[in-house]
Amino acid sequence: MSETDQTRRNFLFAAAGGMGGIAAAATVVPFIGSMLPAADTLAAATTEFDVATVEAGQLVVIQWQGKPVFVVHRTPELLKQVDGHDAMLKDPNSEAIEAVSAEWITPENRKYRAIKPEYLITVASCTHLGCIPLFKPSPGRAEWGDSVPEDWPGGWHCPCHGSLYDVSARVINGSPAPHNLHLMPYKYLSETRVVIG
Amino acid sequence: MLEKMMKSKLFGWIDERTGAEAIIKSQLTEYEVPKNLNYMWNFGSLALLVLVLQILTGIFLAMYYKPSAALTYGGYTVAFDSVERIMRDVNFGWLIRYMHAVGASAFFVVVYMHIGRGLYYGSYKGPRELLWIIGVVILLIMQGAAFFGYLLPWGQMSFWGATVITNLFGALPVIGEFLQEVLRGGFAVGDPTLNRFFSLHYLFPLLLVAIVGGHVHALHVVHSNNPTGLDVHAGKSTIPFHPYYTIKDAFGVGVFLLFYCYVVFFNPQMGGYFIEVDNYVPANNLQTPPHIAPVWYLTPWYTILRSFESKLIGVLAMGASLGILFLLPFLDRSKVRSARYRPVYRQMVYLFFVTVIILGYCGHSAPTPTLKLIGQISTAYYFAFFLLLPFVPMFEKTKPLPEEI
Amino acid sequence: MKLKQFLTVASIAVALSLPVAASANEGGVALKHAEIDVTDQAQLRRGLTVFTDVCMGCHSAKYVTYKGLMDYPELALSREEVDDLRGDKPLASGMITDLSPADAEVSYGKVPPDLSLIVNARRGGANYVYSILTGFEHDPSGKVPDGNFNEYFPGNRIAMPDPLSWLGHDEDETKELEEQAHDVAAFLTFIGDPHQNQRHAIGKYVMIFLLLLTIILYLLKKEVWKDVKH
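Sequence lines, in order, name chains A, B and C.
Taken in order, the first sequence gives residues 1 to 197; the numbers are from the numbering used here.
Taken in order, the second sequence gives residues 1 to 405; the numbers are from the numbering used here.
Taken in order, the third sequence gives residues 1 to 230; the numbers are from the numbering used here.
Certain hints may be false.
Unchecked claim - Derived DSS-like pairs: lysine-lysine, alpha-carbon spacing no greater than 27 Å straight-line: (1) B/25 <-> C/89; (2) A/67 <-> C/89; (3) C/222 <-> B/35.
Just so you know, these hints were derived from the structure itself, not from any lab.
Keep in mind the model is a prediction, meaning the values are calculated, not measured.
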């Protein structure tokens, strides 16, 4: 076989191999693409809720995009518990990542992490590995025993790996969870009707 | 490229533990194939390609498909809705579903060509009898898988096709009723049927993979036949499979994909042949569509079924028409393999191909007296072809065979 | 068989199967032809209007959501237009008629079929839809009441009463009614397979790519096979 023949052959091999590779890669796109959320799943992405149905001092868990969401009706006492322990918090101003902040955050409501301070609405998945933390609002160990530290400011305790959050769902130092509980976009349609997402 | 790869350290490490080098050599680079194979020999590798495509697309469809006959708004069902959701809402769902639906037909096109080639060149004859028999098993499993799959969209053709075919099994003596109940899981085709068909539709391709492995293994023991039908011995008449036939097969894949993608992208229903019009109507157990026929690849056997007045004989004839394929290697007593050198067999096998196409046409059309008669004549020849084979060598004057291919 | 022979036969087989299937019709009468272009946004929107104003009185298109009317680039309605159409129905809801199946049963004797897939589900497709809509006539034998006799419907007796008032038209209106029937046939063709334009667009690139790849593979095959002495 002559030299030119060998060059031609190598070129054709490379061209065929290259195009075959492109074809295979292009085929992967629709298949992996099909595993992303479908159009109707994305369309069902908002949840409406009436916060007036939550009694003072109580917490309810609702669903948004298939994920659990906390809605807490915070009493004036609970709102006071937000202050005075910033030194214990990993991220007191909720600035570490985008998901813990929201468009509607202002200097006034930053520590409350809510549009209306009395209603805290937050994604209920622990930022460690996704368990739903338990609501332990009263300060100190009186009600909760060893599960919380002695200087417990009140908030959430995650049963899976012991992460702790205060009543504004901000993560407390020493927790395995890296971030505050995530916030999501929401707005009030009326005095008490809220649309999440 | 392959040689370079085989010299690498990593390959050496793997080879020590698996004997990969010996396998590659014996199956690819030193696997001897006759050098005179024509393009009819491409359909084996194409069938393997379509099998892979069907399994791949099927796995992704199963992520969204829901096998439930529970009713939804407008007389539709959860199953039908889930198919439409794939077509409309799932990203590229339309592509994957059309690939799967067109792939089912493409599979049969390719496999029928593959079988036709085997018939024409006498590839079923000794020592390849078992290779052929494994192939017939593959055909039967394919037909089963296709039948189970066709029920899944739960359209009118799905439902009535399944009703008709499960009734066929019911016509068998003694075991008929039992078989019918096992298939249906109820008094009629319904939700339990849909669930078990889905399960079996997922199972059968896995069986296919295993049996296709056996088919390829059997081939590599007895080696490929060739257009002359002569026995070839390693050396001047053969070439290694790789690179010659890997590249020829790759070219075949290119040509096949041109046809396949044209249909998938521009004509996926193929005018009602690949996805039937009536299957866009949701299943209704109280109303049979005015014209009901199986998908094109099953219609030849459907005509054989319809050619007999008695339901039982029809069912048995249909079974026999497939079963007789198993006996083919033993019915043909000729010493010459290829139809090239067998003038009588050559005419017979051409007529057989035409007959199968006519049977397919009759099965697809609404029954009329003329078509029924044509179907009956074709059925008669279908069986005559096989039953005459033992006697052909008695009077057939074969042409002289060449010394070497 | 030689490659060329085989390709010729295969191409002819594919070409032959197309017209046969397209011309098939249930009723035995040749259908009128409706030239459909599912990329014509103006026509699809007019068809949507006919659909919502006329068809949706009784028929649904449950697989087409109001959100879809905004999202499909072929229609691309604005949020305001969609809000007008949907009233208080959710955006993610299908286009469901207000006529309940039970009431329809009483009024027409049967529940009108969903129209999402009607073009795919009838032999003749868009031609069938167009022919039915413009096929209402006086029954020559006088047995079927006016408004229920349709030239193109199998059996001629159709439960759907003349939706476009085709029968009562005068000469001047004919053209307009034909256009309405044409528009809605185009709309129904579109919603039967809403990704068809995308499919054709992608398909063109796929075919060009595969053609190139196949040519290269053919040259490579010829090149490598030069080694083999026949």
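Given pair status - residue 89 of chain C, residue 25 of chain B, alpha carbons within 27 Å: Violated, because 67 Å separates the two Cα atoms, which is more than 27 Å.
Regarding the pair residue 67 of chain A and residue 89 of chain C, is the alpha-carbon distance no greater than 27 Å? holds, 25 Å
Holds or violated: residue 222 of chain C to residue 35 of chain B, with C-alpha atoms at most 27 Å apart: holds, 14 Å
Of the numbered hints given earlier, the model fails hint 1 alone.
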